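If you're matching them up, the sequences are chains A and B in order.
Following our numbering, the numbering of the first sequence begins with 46 at its first residue and continues without gaps.
Following our numbering, the numbering of the second sequence begins with 46 at its first residue and continues without gaps.
None of these hints come from the bench; they were simulated from the model.
None of the values given here were measured: they were computed from a predicted structure.
Each hint can be trusted.
The list cannot tell twin chains apart, which means a pair is met if one copy fits it or any two copies do.
Straight-line Cα separation of at most 27 Å, DSS-like style, residue types lysine-lysine; simulated pairs:
1) LYS117 x LYS175
2) LYS190 x LYS216
3) LYS191 x LYS216
4) LYS175 x LYS190
5) LYS146 x LYS216
6) LYS126 x LYS190
7) LYS126 x LYS146
8) LYS134 x LYS191
9) LYS242 x LYS134
10) LYS138 x LYS196
11) LYS190 x LYS138
12) LYS175 x LYS146
13) LYS196 x LYS175
14) LYS138 x LYS175
15) LYS128 x LYS242
16) LYS216 x LYS138
2 protein chains.
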Amino acid sequence: MARRNDHTKEEIREMIVSSGLNLIKNSGFSGFSTRQIAKEIGYTIGTLYNVFDNYDDIVLHINATTLDDMGKFIEEGLNPKLKNANAIKQLAKLYIDFAHKNRNSWSALFEYNIPPESDLPEWYNQRIEKLFSIVESLLSEFINKKSEALKHAKVIWASIHGICVLSLTQKLNVAGTASVEILTDSLIENYLRGLEK
Amino acid sequence: MARRNDHTKEEIREMIVSSGLNLIKNSGFSGFSTRQIAKEIGYTIGTLYNVFDNYDDIVLHINATTLDDMGKFIEEGLNPKLKNANAIKQLAKLYIDFAHKNRNSWSALFEYNIPPESDLPEWYNQRIEKLFSIVESLLSEFINKKSEALKHAKVIWASIHGICVLSLTQKLNVAGTASVEILTDSLIENYLRGLEK
DNA sequence: ACCTGAACACCGTTCAAGT
DNA sequence: ACCTGAACACCGTTCAAGT
Numbered sequence: 046m047a048r049r050n051d052h053t054k055e056e057i058r059e060m061i062v063s064s065g066l067n068l069i070k071n072s073g074f075s076g077f078s079t080r081q082i083a084k085e086i087g088y089t090i091g092t093l094y095n096v097f098d099n100y101d102d103i104v105l106h107i108n109a110t111t112l113d114d115m116g117k118f119i120e121e122g123l124n125p126k127l128k129n130a131n132a133i134k135q136l137a138k139l140y141i142d143f144a145h146k147n148r149n150s151w152s153a154l155f156e157y158n159i160p161p162e163s164d165l166p167e168w169y170n171q172r173i174e175k176l177f178s179i180v181e182s183l184l185s186e187f188i189n190k191k192s193e194a195l196k197h198a199k200v201i202w203a204s205i206h207g208i209c210v211l212s213l214t215q216k217l218n219v220a221g222t223a224s225v226e227i228l229t230d231s232l233i234e235n236y237l238r239g240l241e242k
Numbered sequence: 046m047a048r049r050n051d052h053t054k055e056e057i058r059e060m061i062v063s064s065g066l067n068l069i070k071n072s073g074f075s076g077f078s079t080r081q082i083a084k085e086i087g088y089t090i091g092t093l094y095n096v097f098d099n100y101d102d103i104v105l106h107i108n109a110t111t112l113d114d115m116g117k118f119i120e121e122g123l124n125p126k127l128k129n130a131n132a133i134k135q136l137a138k139l140y141i142d143f144a145h146k147n148r149n150s151w152s153a154l155f156e157y158n159i160p161p162e163s164d165l166p167e168w169y170n171q172r173i174e175k176l177f178s179i180v181e182s183l184l185s186e187f188i189n190k191k192s193e194a195l196k197h198a199k200v201i202w203a204s205i206h207g208i209c210v211l212s213l214t215q216k217l218n219v220a221g222t223a224s225v226e227i228l229t230d231s232l233i234e235n236y237l238r239g240l241e242k
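Full structure from sequences and hints, please.
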């Protein structure tokens, strides 16, 4: 024991994050703990706090992985032939699909909140920004007033998220991804039609 | 000790819920625990589990109180003279104001999620339903197809929520309630204009 | 330098025992 | 009948001590 040197510091960090993500995927965020991670990767609890600052630091890195996975899922799923409203609708569908297929890790994104006095670290904000830029670029293609494209991107993205989050957490009396899509479709159709006028 | 009979079972339940709500308001959901409640109300931990099923049962009752408070806040704030889009905009403003003024208890509504295998209890769903009915009745006044009013109410309500949640948790790069209102106003204007067409 | 594991101050939950 | 509080199986976090 001690001084095993089986893995580099960076390898241990990766083991922690990937094992933590698996724990969340299998048992939900409430069934997740750093002690469980330690048990699974075969290091003791002390080692986790050797390579990460604290619990929040670990959760944030796990959630960042989920954000990356979501970005990849959306980018790969987008059909470049679709235009305008249809492109946004597909974006919404991909968001819903990802959330549905990765319910536990997606939920963890919102079940965990940093204490209100502290701010999200810069590297984490950049991961969010990156996701967001996908929506923005889809919208900017067909919005006349370019200066307002960012505002509309925010409205649409946040609204899709709101519909998705309330549906999947059973706060809208809506069942199944098909009926969630009816709501996001209605949002997109009417909002964009309103913009055209 | 034992058999104090200082309070009825119902009184103890109320003490637990109101003390728990205060804990959340002052320290956030993460600074909340049933043991803290016990300490604050002057009963031992065992008593809490005498009058409530478990942790989830307690949190759900605290959150239901917040839902009720929100309903009251919105109903009292609504100006009955406002019509159509202006009425919905005011609804959004009231939602944002409530969330902003009661950030911790409002956050707790979403930071806590029942385990995915179980369902929300019926009495809790009814509290959500009651809140909805406010939005629904505001909308039904000027929607032609009455049969679709519920769908649109869900879309608008969930979208307002989405804008609010991503703004207040700093995931939209938006600061201050004023700029959140710009987004909800844009949502409502365009969605309703889209409906009219 | 790397890693351990005991120690500390917390959790939610149960239930035999006291009045 | 009502309430207690010890007991259990967990937490996150720290840090002296081992190799």
